[in-house]
Amino acid sequence: MPIQYYLFLSMALFCIGIMGTLMRRNAIIIFMCIELMLNAVNLLLVAFSKMYGDASAQVFVFFIMVVAAAEVSVGLAVIVMMYRKVHSVDINILNRLKH
Amino acid sequence: MMLTLIILIPLLAGIFAFMMKSEGAKGLALASSLITLGIVAWASCEAYNAPVSFSIPWIPSLGAGFSLMADGMSTMLCLLTAIVVPVVIITNWNKTVDKPWSFYGFMLLSQAGLLGVFLSYDALLFYFFWELALIPVYFLCSRWGGEKRIPVTFKFFVYTFVGSLMMLAGIIYLASQTSGPDAYSWNSIMQAGRALPAEQQQIVFWLIFIAFAIKMPIFPFHTWQPDTYEQSPTPVTIILSALMVKMGLFAVLRWLLPVLPQGVAFWSNTVIILSIIGIVYASLLAIVQTDLKRLVAYSSIAHMGLMSAAAFSSSNVGMHGIMVQMFNHGINITGMWLIVSMVENRWGTRDMTKLGGMATAAPKMAIALVIISLANIALPLTNGFIGEFMLFNGLFQGASPYHITFMVIAGLGVILGAVYTLNMVQRTAYGNTTDMVIAKDLTANEYLGLFIIIGIILILGVYPKPLLDMTAGIARVLVP
Amino acid sequence: MDLYEILFWFLTVMALGCALGVILSRNPISSVLFLIATFFAISGHYILMNAQFLAIVNIIVYAGAIMVLFLFVIMLMNLNADTEPQKNRLIQLAGVISGGILFLVVLGALRSTPVTNLERADVGIGLIKNLGKTLFTQFVLPFEISSVLFLSAMIGAIVIGRKE
Amino acid sequence: MKAIIAATIFGILMMFASILMKDKKAMANLAIASLLVLFGINIWDLISTPAGSSQAYFNNMLSISYYGQMFNTLMTGCTLLYALLVSKEIQRVGAHVAEYFALIFFILCGVYLLSGYNNLLMLFIGIEIMSIPQYILAGSDKRNLKSSEAALKYFLMGSFSTGILLMGITLLYGATGTFSIAGLAFLQSGTISMMAVAGILFVMMALAFKVSAAPMHMWTPDVYDGAPTPFTAYMATVVKAAAFVAFLHLFTYSFGNVSHTWLLVLSVITALTLFVGNVTAVFQQSVKRMLAYSSIAQAGFMLFAVLASNTMAAQQGMIIYAVAYSVATIGIFAVLMKMKDYTYDGFNGLAQKEPLLAFVATIFILSLAGIPLTGGFMAKYYVVMAAVQTGQLMWLVIFGLLMAAISVYYYFRVIIAMYFKQGNAELSSPVTSGDKFMLILTCLLVILLGIAPQLFLVNI
Amino acid sequence: MTQLVYLIPLFPLIGFLINGIFWRKMPKNLGGIIGSLTVLASFIVSLGIFFEVKSDTFQGPVVIQLFEFINSGRMVIPFAFQVDALSSLFLLIITGVGFLIHVYSTSYMHDDEGMVKYFAYLNLFVFSMLLLVLGSNYLVMFIGWEGVGLCSYLLIGFWYKNRDYTNAAKKAFVMNRIGDLGFLVGMLLILLNYGTLSYQEFFGHLGSAHIPVSNNLYNWIAICLFIGATGKSAQIPLFTWLPDAMAGPTPVSALIHAATMVTAGIYMIARSGALYSLAPMALNIVVIIGTATALLAASIAIKQYDIKKVLAYSTVSQLGFMFIALGVGAYTTAVFHVMTHAFFKALLFLGSGSVIHAMGGEQDIRKMGGLGKHMRTTQITFLIGCLAISGIPGFSGFFSKDEILAAAYAHNPVIYYCGLIGAMMTAFYMFRLYFLTFSGKFRGTEDQHHHLHESPAAMTIPLVVLAILAIVGGYIGLPAVISEHHALAAFLHPVVSNFDPRELEHGTEWMLMGVSVGAVVIMIILAFARTKTPNFSPNTGLAKVLEDKWYVDELYDAVIVRPMAGLSRLFDRFVERSGIDGFVNGIGKSVRWTSDRVRLVQSGQVGSYIFAMVLGMVLLFILGFFWLS
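Top to bottom, those sequences are chains B, V, A, Y and F. The working numbering numbers the first residue of the first sequence as 1 and each following residue consecutively. The working numbering numbers the first residue of the second sequence as 1001 and each following residue consecutively. The working numbering numbers the first residue of the third sequence as 2001 and each following residue consecutively. The working numbering numbers the first residue of the fourth sequence as 3001 and each following residue consecutively. The working numbering numbers the first residue of the fifth sequence as 4001 and each following residue consecutively.
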């Protein structure tokens, strides 16, 4: 498989992720879209790892997963905290801070 | 070391004054300013024949040093500063200000900055002192000024700050062109500037000049000035107009003319034209002012216009004239402001339409006013004349093909100057006193202050030789 | 078109389709499910590229742990499709367009990348032994340091999660 | 390296302290003591690092140079100063004082990684180590909805930027086959692939997010405004400085050779940052929010150093800027925290009531505005100098200086309020003599930076 | 003796300093005495110098350098005095007439509270005037030149409480300043081209070949200097200040605005004779201006009712005559007329002062009449003055004026005819004044009538002395038809040497004299006839125009003063405030405006933030990629 395919695929996933963050109002969904972006990166990294025959990229993917896990724990905690206060995960209600 | 002391004494005294938190700050200020005067006088004697310099490394990684140099021009301006400040303190001795410790502290800090500007021989150091002189003035005006002081002073600050920043860009640019360890020393900057191709000099010229133009101020950059002078407390106005505007001119002579000769050559006509427009324009505006402070402010713009025009006319006698006139204008305008402040203190207004009859109520003051006014319009045998004559001469001998036209239009300032100055004398000193409170004539300290001013006016008017000799060397360096 | 290619295209279409499903479905729970499906597709790609370990980890960590966490939170909050009001159409369109442009721009830039075919032969780099060796020699510092990350996350759970 | 270990240990120590200790004050004191020790360890590290050399650790994952160590030391010092100045305010944020300090230690750990990373993975991990505690700190004031909102906003956008960063790193890897900083340095201008350029730009955007440069700055005002003030102070100073050092490090050592590919984009970012930061700050009514915008504006200036990354002055400027900006900002935040009302009007007449507070605030403000004799001036000076030395950024320099002039407008409004306006500035807590001592010390530090920056650049 | 020349200005300076410093504590009389004595001392020294200069042993001009005034590079200007025939003659006039007027003032100003101040000013004036004539270079002359202007200003505005008086003072100063600018430019032209301001060096270089100059340069220098002279000597267009200057005390009018200061212009041009001889165009201008001024001022004087105004316009007119003389190259003649004019015009002014004194301050001749009966000395001396100014043979004015007319005739008969008309008008208005004042019936109030008295001796003695001088002063310059020896010309010859009034045929000269004397006598008779039954009904037609001074003041007001004031206000309101300052403030405002708009981007919506980030990223990517490719 040419590397381009993976490049395009992962770029497409990445951009779908970005679009998702732009289109949705649910904080959790936005967060999921971000996870999608990370996965797109992971996919590309694995492809490059294959291309170069280098394990370090795969290790990098491993670390991304680690970090993502940590982030998710904090992120969901924050979202839950927010939900407890305003009973919504709609980001449009986050508008006390502006201008 | 002596030169360092000149800056250090007011600086330390200023800081100390802040900590005193008592009326004693006034005494401290006077003492320090007198000591400074003594040292400056000593330094002037030392530097009379050959420049004195002092240099230690400061920020080696940048190539900036703590270098001071006192030549004729520097010592002359230091002398002016050192004379004006004690005179101001003496004259205001009886006046109570709110929080005198900070008032005098700021005054002394500003003095330190001014002296530093005049002495520094390193571009970065120069910039430091340039701002050091400005900041205290900002506080002085904003804290102790008139009704509209806050916006006005703020505008003044931002205006001059923009200029300073542009100058900073210019300095940095020049310094980046230097090679060798002392990137910021005057010599390096000068060599770097001279080595620049003409087109670049023309651009860098404005970067650097804009700061000076605002400070002086030259015609379209002047609008901060009348407002600021009007709103400042008079001692600060004196610092501003007698000393700070000289910073601009001094800087032109020290940091612009020798550094960017081709840039100067290219723009000199433009600057002269602006200056001359400024002379006529400011004089015309001075005629319609009714506020004494605004009138003097516009008069100052007109005078500075003449000086800046001469500065760019590249003639030796013009340069020499600027040196003389810087000193003399400083003295005269100090006298003028002192009188204005006395008028304001006694009659509670600066509105000339409400004034009159000073000659009856306070004849000594009126005499002082007349003499200072005459010096202001450059009557012979007052100090103003020598400088103005040399300036006109310099403008006349200038390299520009339009030099005669320039001189004649600038000469209109002489006529208009007479108009507004005499108007002022007439409106304040003459006329009836019927609706005026009979006020006290000069008190002893005011008398002393004005006596010093008038003494200098007359002595230098009759015998300007010391001043001329002092600055002849530097004038020759600037334009052989 | 051999099996490898068939699988590749299948997984690609599945990944893209499910990804679109994530952002387009109105129901958060189906979004989560679509995302899990996407992760499976991606894991399939990993296997195709002989990164078996990562494929497994991806399934276990992402699809298994993280997405379950998401699902759990969504369930906890009792979010159903109707609770999320739709964004303004215009804003959505702008989002799509800007995302699309980004895609095109980057794609345009990367168009010129030299064509390199990925070898199908297994060189064994994706094996756990190999990865473990790399991880604990070359990448030992990040490995250790990421513990700090988890400590932080732990504190986060305390600070943010605990009621005062 | 010792410092990293020590910072981690102290972090864990603080976690235990939260269980074992009950007294908030004792926790704070313990943290301060630990920071002091950490500062000492850093100095020890600094002394044992020969000037100009760099020590590589763990298969070249980390390579702490004298420069990086200097930065670490100074940032630890700033943190110490910060802790001393605002420990009381930290105690007031919430119940988990020890945890807050633990997070600060972890952030410091991230800072140390960012000053000496030698691998993009370390960059990534360092940034994450720094970011995750910040998300938590931003949301730590649970009584305040604004704090939660700030945390969520910060978190969402921060994760988003992580994605961008990772995409950049991946593309760079794809172009070069390595994650090593030194390896990337082989990028040559003639042969650089578009993939590498795309990678550089993605990384640049992500780092721009971390340093709050436009257009990735959008989070900054809201987060700084919403987060508990003591933590805003920390986020705006040490954390941001560390992000900048990472930025500079990468763009000097990896992308320095191919500066033509990114210089224009970064200059546009710089100009935009300066514009947005300065201009938007003008209309603010809250000093805290103004400081948030001002931190964007300051970032614009720090970007000068990145732009001119190849020059000596940029390296020095970054250090000076980081320190001067951090110290002054910590100082002004310390003053701000003493105020009950964060709006400009809340400062009215402060000079009458608390002359010392007003005076030190003035010095900090002057420093932020870049007035000579303060550290802020020297900092700006160095970075502008660096930009000028590149020879192609004169327009940007002039633009930047004009924007600096605008900055005077909003900075001086504080001074005007304190000194020239009548009012009854209310304090949230009395100013103790300890506070006064610390404020004066900070103030002296600012002035020292302004007149003798050389002291902070020994051997650099 | 010439080495002591510095004493001459020194004495009045000392007087000024004493009077000036102690003006409030000193007894009035002492002030007057000090003032008079210092001038007397100067007069004595001047006499000594005059005789030394007159003696045959005197060799050329003596220059005494006091100190170096300006020394800048190539420009070295010493503060030096030059003693020669011209300056010594002027010294005599100034100190002599000055002394008499000081003496007169001791009495005239006796009732004024500011008498000591007055004498201080007067001494300062004498000092300045002496500097003016003594200077050995143009700069020292300029010092005196401006100095006398200042004193004139101070003295016109002496009664400073009256706004009209101070306005007049201001007007005088400003108009002088306009002239001074011309003088300054002239000086700078000399300095630029010759590098010196010293008379001797400058005149020495004038003809020399190594400084190549075109005739135009001479003309320009001469014209510039002449502009200075028009200001100081009240010529068209700068003459309107002089009538207004009558606001000052009358002795001041006599000294400054008749005898000395206003002749400074004549002195200056006579001094620069060497230059003017090379500048024909400038000379023509001088003649034209002089003639026009003489006629214009004389015509105005005919219809004035203020005794001092009449004399003032007469002075302007006489100064015009002097310029005619200068313009036709008769420098000595001009100096001659300066001298005689100093005598008789000082006499007339002091006489009028005596009249005003007697009338209790009244200056309107319509309210006078028949004063001769009450103040005989004044009447007689005034009559002598009138005869002298009218040019009746035997009186000094005859000789000098006749010489001017002769020179004018030789130059161009048209000028002569103009001069003749001027002379006729002079005779008419002087005698009109005389008859209205001294003969006929008293037309004032009863109060004034009772008050009428002859002035005290301190006032009449100077009148008598001046009357004698007004008679005999002319005999030092007898016309060629009477005597071959022209004493004045011979005396001045070494200094003002290079002019040569064309020798006329004796017959022509007799004829000219006859014509002028005849015309003058007719005018006197006409004046007598017209004033026999005074008719003060409002003037109409030309008379009205004359009474209103040809509306010159109004013209200046409309053409210069008001447009300038309007321009000033325009600048103040529109250019300064709304224009430049408005622009500067506008920058600030626009920043605020922008800020207010830009901050709205920060909407608080995370979605829009991310959108902005993505959009920015996309745009920057496009920029980056496009720039690369």
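The hints are simulated quantities; they were obtained by calculation from the structure and are not laboratory data. Computed from a predicted structure; not experimentally measured. Ideal Cβ placement from N, Cα and C applies to all residues, glycine included. Incorrect hints may have been included.
Claimed, not checked - The calculated lysine-lysine pairs, modelled on DSS-like cross-linking and capped at a C-alpha distance of 25 Å, are:
id : chain 1 : residue 1 : chain 2 : residue 2
1  : V       : Lys1465   : V       : Lys1354
2  : F       : Lys4544   : F       : Lys4589
3  : V       : Lys1465   : V       : Lys1095
4  : V       : Lys1148   : Y       : Lys3421
5  : Y       : Lys3146   : A       : Lys2163
6  : F       : Lys4303   : V       : Lys1354
7  : F       : Lys4589   : V       : Lys1148
8  : V       : Lys1099   : Y       : Lys3353
9  : F       : Lys4303   : V       : Lys1440
Said to hold, decoys possible - A few chain A positions that, by computed beta-carbon distances, are all more than 12 Å from chain F:
id : residue
10 : Met2067
11 : Val2068
12 : Asn2078
13 : Gln2092
14 : Ala2094
15 : Ser2098
16 : Leu2104
17 : Gly2108
18 : Ser2112
19 : Gly2132
20 : Leu2135
21 : Arg2162
Stated by the list, open to error - Incomplete in silico selection of chain A near chain F, CB under 7 Å:
id : residue
22 : Leu2069
23 : Val2105
24 : Leu2107
*asked:* Run the distance test for F:Lys4303 versus V:Lys1354: straight-line Cα separation, threshold 25 Å.
replied: violated, 39 Å
*Please settle this one: A:Ser2112 was flagged as non-interface, so is its CB more than 12 Å from every CB on chain F?*
A:Ser2112 is in fact no farther than 12 Å from some Cβ atom of chain F, at 10 Å.
*Checking the smallest CB distance to chain F, is A:Gly2132 really beyond 12 Å?*
Given a closest Cβ separation of 37 Å, the condition holds.
*Is V:Lys1465 within 25 Å of V:Lys1354, Cα to Cα?*
Violated, at roughly 42 Å.
*Check the non-interface label on A:Ser2098: least C-beta distance to chain F beyond 12 Å or not.*
violated, 5 Å
*asked:* Checking a non-interface call: every C-beta of chain F should be farther than 12 Å from the C-beta of A:Ala2094. Is that right?
replied: violated, 6 Å
*When you check the alpha-carbon spacing of Y:Lys3146 and A:Lys2163, does it fall within 25 Å?*
holds, 17 Å
*asked:* Take the shortest C-beta to C-beta distance between A:Leu2107 and chain F; is it under 7 Å?
replied: Result: violated, 11 Å to nearest chain F Cβ.
*A:Met2067: least C-beta distance to chain F exceeds 12 Å?*
About 22 Å separates A:Met2067 from the closest Cβ of chain F, which puts it past 12 Å; holds.
*Does F:Lys4544 pair with F:Lys4589 here, judged by a C-alpha cut-off of 25 Å?*
violated, 59 Å
*Far enough from chain F: is every CB of that chain over 12 Å from the CB of A:Leu2104?*
About 9 Å separates A:Leu2104 from the closest Cβ of chain F, which leaves it inside 12 Å; violated.
*Is it true that the CA of V:Lys1465 sits at most 25 Å from the CA of V:Lys1095?*
Cα-Cα ~36 Å, so violated.
Checked against the numbered hints given earlier, this structure breaks hints 1, 2, 3, 6, 9, 13, 14, 15, 16, 17, 18, 22 and 24; the rest are met.
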